[in-house]
Every structure is written in C-alpha cells, then in structure tokens.
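Using the sequences and the accompanying hints, generate a full structural model.
One letter stands for each residue in the lines below.
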Amino acid sequence: NAGVTQTPKFRVLKTGQSMTLLCAQDMNHEYMYWYRQDPGMGLRLIHYSVGEGTTAKGEVPDGYNVSRLKKQNFLLGLESAAPSQTSVYFCASSYSWTSGNTDTQYFGPGTRLTVL
Amino acid sequence: GESVGLHLPTLSVQEGDNSIINCAYSNSASDYFIWYKQESGKGPQFIIDIRSNMDKRQGQRVTVLLNKTVKHLSLQIAATQPGDSAVYFCAENTRARDVANAGGTSYGKLTFGQGTILTVHP
Numbered sequence: 001n002a003g004v005t006q007t008p009k010f011r012v013l014k015t016g017q018s019m020t021l022l023c024a025q026d027m028n029h030e031y032m033y034w035y036r037q038d039p040g041m042g043l044r045l046i047h048y049s050v051g052e053g054t055t056a057k058g059e060v061p062d063g064y065n066v067s068r069l070k071k072q073n074f075l076l077g078l079e080s081a082a083p084s085q086t087s088v089y090f091c092a093s094s095y096s097w098t099s100g101n102t103d104t105q106y107f108g109p110g111t112r113l114t115v116l
Numbered sequence: 117g118e119s120v121g122l123h124l125p126t127l128s129v130q131e132g133d134n135s136i137i138n139c140a141y142s143n144s145a146s147d148y149f150i151w152y153k154q155e156s157g158k159g160p161q162f163i164i165d166i167r168s169n170m171d172k173r174q175g176q177r178v179t180v181l182l183n184k185t186v187k188h189l190s191l192q193i194a195a196t197q198p199g200d201s202a203v204y205f206c207a208e209n210t211r212a213r214d215v216a217n218a219g220g221t222s223y224g225k226l227t228f229g230q231g232t233i234l235t236v237h238p
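Quick note, the sequences are listed as chains H and Z, same order. First residue of the first sequence: 1, per the working numbering; consecutive thereafter. First residue of the second sequence: 117, per the working numbering; consecutive thereafter.
Everything labelled a hint here was simulated from the structure, so no lab data went into it. Glycine is no exception: its CB is placed at the ideal position from the N, C-alpha and C atoms. A hint or two may mislead.
[What the hints assert, rightly or not] Interface residues of chain Z toward chain H, partial, derived using beta-carbon atoms under 7 Å:
#	residue
1	K158
2	G159
3	P160
4	F162
5	D165
6	L226
7	F228
8	Q230
[Stated by the list, open to error] Computed cross-link-like contacts, DSS-like style, restricted to lysine-lysine with a CA-CA straight-line distance of at most 27 Å:
#	chain 1	residue 1	chain 2	residue 2
9	H	K57	Z	K225
10	Z	K172	H	K9
11	Z	K225	H	K9
12	Z	K158	H	K57
13	Z	K158	H	K14
14	Z	K225	H	K70
[As the list claims (entries may be wrong)] Just a sample of chain Z residues kept apart from chain H, beta carbon distances all over 12 Å, derived:
#	residue
15	V129
16	Q130
17	N138
18	N143
19	S144
20	A145
21	D171
22	Q174
23	Q176
24	V178
25	L182
26	K184
27	V186
28	S190
29	Q197
30	H237
Rendered as structure tokens:
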C-alpha cells in the first residue's frame, strides 16, 4: 500500500494564480482531511470530508475549495492564491469512527507551496 | 508576515538515554490521544495512541502516559537513537458533531499541539 500520496511536492505560484492539490489514499478510508502547517502554528484543518461526495469546512477554510468525487481522492483548490497561503499542506485520511476502527489519521508527505 | 515569535520547546539527549516529551491538552471532552513524529520534510507519522479510559499504553520502545486530572500527556522513548530526532506532536481527538457543515455527521476533530523538537546526539 502506498498509504496517502500527494501531488505536487512543491509549487511556486504568483499572486492571483490558481492551482489544485491532489491527495490520494489506498486504505479505503471514509474520512479525508486537508491541513496547513505554518511555523509555530501547528497543523490547522482547512476542509474535511466524511465520505464520497461530501465536504465540510474546518478551522481555516477561507480562500480554499475542495471536492471529493471519488472515495480515494480529495482535491484542494486555490482559486486566487495569496501570499498568506504560503505554507506546507498535508492531506490525511482515517476510518469512520462509527466503523469500530480507531480514527487515527494517516498523513501524506506534504506539498510545499510558495505564493509570491 | 508569519509570526516567528513562537519557538518550539526543545529536548536534547544523548544516544541511549531515555527521553520524556510532555504535552498539556485543553479539552476535557477529548477521548483519544495520539503522538505523531514528524521528520524534516515529511508528514506526521503515527507513533502511539491512547484512549481516555486508559492511563498508560506501551509500544515498541515508547510509552504514553495520560493524566486526565491535570490534562497532561507524555511520551517516553527508551534508549533514544539518532533516528528518533524529529518534531513530536501530541494531538487530542474530540468527537465533534458538525451540524452546520456536515448535516450533523460526527467526525474526529484532531487538535494538534505545537510540537517539541527532539535532538539525539551520538
């Protein structure tokens, strides 16, 4: 199993440009999450999904959109990038806690995004 | 610009020593706790977890202790090795019902601490 994978690994954007980050998991997890990690701030939840076709806002959703068209994929979009969105982005996935499994979140390797 | 005023706690140990990393959590309703290890340039990696109905759990070379009275969590690493050098995060998991955004669906809301930098000297 590859676990959780993310593409791309690095990206540099100019202010106002758009892009999509792709997350894929092969563990048949119901839940998927997008976080951003900034120095001294820990990880903060942007959006999450509790199943295919569903998305919900997390702690810092402004400026981002997400889609979960397939169970194994969770996409994070930036429509008009801003320098404040310079960060490292992590995707994670977990089982549904109602399934009886632990809902430990498993993380991808991250995408380092710089917005100039 | 981003704040650089917050410095992560650091712990430096010699190879072979035992390490203890501490964490205070905030929510008394949290029912599940996880320790993650994050190496430079990588995503957080699961180390060990513990549920709120336990006060101790052991893994391979690692032990997690939970004190719910004072809302404190610790990670003990036995015979620390240079490969253990990383940032260690505790995370508390709270059952959250997201009524506004997810139709009342429950999910595990994970809140991370800021992390502790562990450096192991050969």
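Just pull the numbers of the violated hints for me, sorted ascending.
-> Hint 10 contradicted; others consistent.
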